[in-house]
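2 protein chains.
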Amino acid sequence: MREALPPGSTIGILGGGQLGRMLAVAASRLGLKAHIYSDEPGCPAFDVCAARAVAGYDDEEALLRFAGAVDVVTCEFENVPAKALETAGREASVYPPARAFAVAQDRLEEKEFLRRLGIPVAPFAAVGSRDELDIALKGIGFPALLKTRRFGYDGKGQVVIRSEKDADAALAAIGNVPAILEGMLLFEREISIIAVRGRDGAMRYYDPSENVHQDGILAVSKVPAPSGAACTYAAREIAAKIAGALDYVGVLCVELFQQGDGEPSLVVNEIAPRVHNSGHWTLDACAVSQFENHIRAIAGWPLGDPARHSDAVMTNLIGAEANRWPEFAAAPDTCLHLYGKAEARPGRKMGHLTRLHPKT
Amino acid sequence: MREALPPGSTIGILGGGQLGRMLAVAASRLGLKAHIYSDEPGCPAFDVCAARAVAGYDDEEALLRFAGAVDVVTCEFENVPAKALETAGREASVYPPARAFAVAQDRLEEKEFLRRLGIPVAPFAAVGSRDELDIALKGIGFPALLKTRRFGYDGKGQVVIRSEKDADAALAAIGNVPAILEGMLLFEREISIIAVRGRDGAMRYYDPSENVHQDGILAVSKVPAPSGAACTYAAREIAAKIAGALDYVGVLCVELFQQGDGEPSLVVNEIAPRVHNSGHWTLDACAVSQFENHIRAIAGWPLGDPARHSDAVMTNLIGAEANRWPEFAAAPDTCLHLYGKAEARPGRKMGHLTRLHPKT
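Residue numbers (this note's numbering), protein chains in the order written: chain A, 21 to 380; chain B, 21 to 380.
So here's chain A without its partners, still in its complex pose (with noise of 0.2 Å):
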């Protein structure tokens, strides 16, 4: 293994949106800089970092001076393109590795690696053509979920076929691209797990939280989600088995589905390489957040405490949810958390508050 990168060392973060802001934010706890690159001007990690590049995720030239410049590059988005990863792997160590993007950038890719590994995953099967949309509809059955193999987030491209007649509005509603179908699995709640393994193998975990969706985003992350000590372990299980398989570096995190109430059985939902949403609840209910650990992570640091010190939910603030910060400010226990984003659009992640309870 490397050495650990010394504080005063420097972060390469590709993607300026909220995660970069909070990873630049727990870097410069650290004693480290932030170097971000962004394709937008205005993005809300430059408030936060030592240093800036603009460019696109194309721009060969730029990459390399980025990647130049810097001691380790990462991500904050998962749709990087390949390319880019490439690029800077030329000048600067990359993680988490290329390969758990690949992975968790196509649909179709994620079920398969996932079904190779043993762990659960709702049953499914490619859909390239109207043909094929047809088998899979009769081997799954209704109702099931068709989603574009790429680019899919916030539950955007992806749509319900509750019989044989939404077949060709479903294949029109995703544009007609290289899709997956999906078996519509009933289940108990979603709880997700944010999981942190260093350079040398070690492994962390932070509590699962149970989440709660609205409009295919996350609006509620809770702590303890009320699955129990064997679905814990059940989804660390899970989690260390495809960090394992990725040569993990970095926080990841596991989506997943809890049938019954009993018995933890769970089902992987999907994976996202990077710190998530469903973890912002460790900025202010861990001594070491996501945040912070990925960054120790891949800068080859010991791993932080992810003990939780209290209980605590997490509601997402969407559009213009967040133009309520002066009460929200006001609440006791509360931590407000702004992404400095100018404009309050419909859907836009804006911020987030973390009620703190204390540890049942």
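Derived by calculation from the structure, the hints in this document are not laboratory data. Please read these numbers as outputs of a predicted model, since none were measured by experiment. There could be a bad hint or two in this list.
[Unchecked claim] What the simulated footprint calls covered on chain A by chain B, stretch by stretch (three residues with Cβ under 8 Å from a Cβ of chain B suffice, anywhere in the stretch; the number is not a length): (1) 45–59; (2) 68–74; (3) 246–252; (4) 340–349; (5) 355–362.
[What the hints assert, rightly or not] Beta-carbon label-pair distances, calculated as ranges: (6) A327(A) to R344(B): 20 to 26 Å; (7) E341(A) to P352(B): 32 to 38 Å; (8) R135(A) to G28(B): 22 to 28 Å; (9) G28(A) to A351(B): 18 to 24 Å; (10) Y253(B) to G367(A): 47 to 53 Å.
Glycine included, C-beta positions come from ideal geometry on N, C-alpha and C.
Chain B: place on chain A using the hints.
The following block gives chain B in isolation, referenced to the frame of chain A:
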């Protein structure tokens, strides 16, 4: 009262040390930008801000340009020249008020201000000459502390006088500048209280910490202090009286000696018109830190809940101690903070640790 500064506004901070760094990060949490003004090009706060100005504190043009570019001005150190505050004040609101700096910058004015408010202080006398020192020593007795009136911090600019023989050497040691002689008090412990006052006069108080100094520099702050509830209320009353008399806005620290272990008997040692080292534990043990509450106060926001979710022990990392960061990073329940200073000079504050414990 003027309206609160909305998210997206810019906080101007005079000074770029670790306090400015932590203020800038706190501003970012609320969706506010930080513009840092410092006379040192490589200062710690420059790594985490949206805009920077490098110029002297006597550069009127630079100060006007800076104040014109921000929405409010504050300071991260107390020895900012009165003229700089006055200049900035022509272009922007400046908080805390200039009067608070005038009082805190001169130990004689500070003691006289406190005495006028009926707040207990050590016996003291102005010393402008060798003759005045003799007279003061007769009134105050031995041992006594001779301190420069201005520019003292971290135990600098003060010397103990144990007998008449020390008098000449003491005056020479502090450079024969205008001074104050103070009686040395017996006390049980040193505590401090961090208070915050909003633009509307609202006040909030953090729990007092017990502080241990080494070589005149703060070494450790512990909460809760073992001083008890009556002492906490007495400390709050003192802080409220001081803040009210100064029409204060922002975070104020009051350092106190607690005499006796029974009924609280508090004597004010000094006041600091800024966020304070003895309040660093609030970053990790409270929903809203002293840094965020200072930003909220000067921005006209509702003050945040200062309640403490954990007990905490904050330890400063001075000079080469910070080189032990790999060991501190690996410790459980420990929040490690490094300030991004390149050179670990002896006596220099390089970072701090906060160890969290379940609340007793």
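Do the hints match the structure? See the list:
| no. | hint | verdict |
| --- | --- | --- |
| 1 | 45–59 | holds (count 8) |
| 2 | 68–74 | holds (count 3) |
| 3 | 246–252 | violated (count 0) |
| 4 | 340–349 | holds (count 4) |
| 5 | 355–362 | holds (count 8) |
| 6 | A327(A) to R344(B): 20 to 26 Å | holds (22 Å) |
| 7 | E341(A) to P352(B): 32 to 38 Å | holds (37 Å) |
| 8 | R135(A) to G28(B): 22 to 28 Å | violated (46 Å) |
| 9 | G28(A) to A351(B): 18 to 24 Å | holds (21 Å) |
| 10 | Y253(B) to G367(A): 47 to 53 Å | holds (48 Å) |
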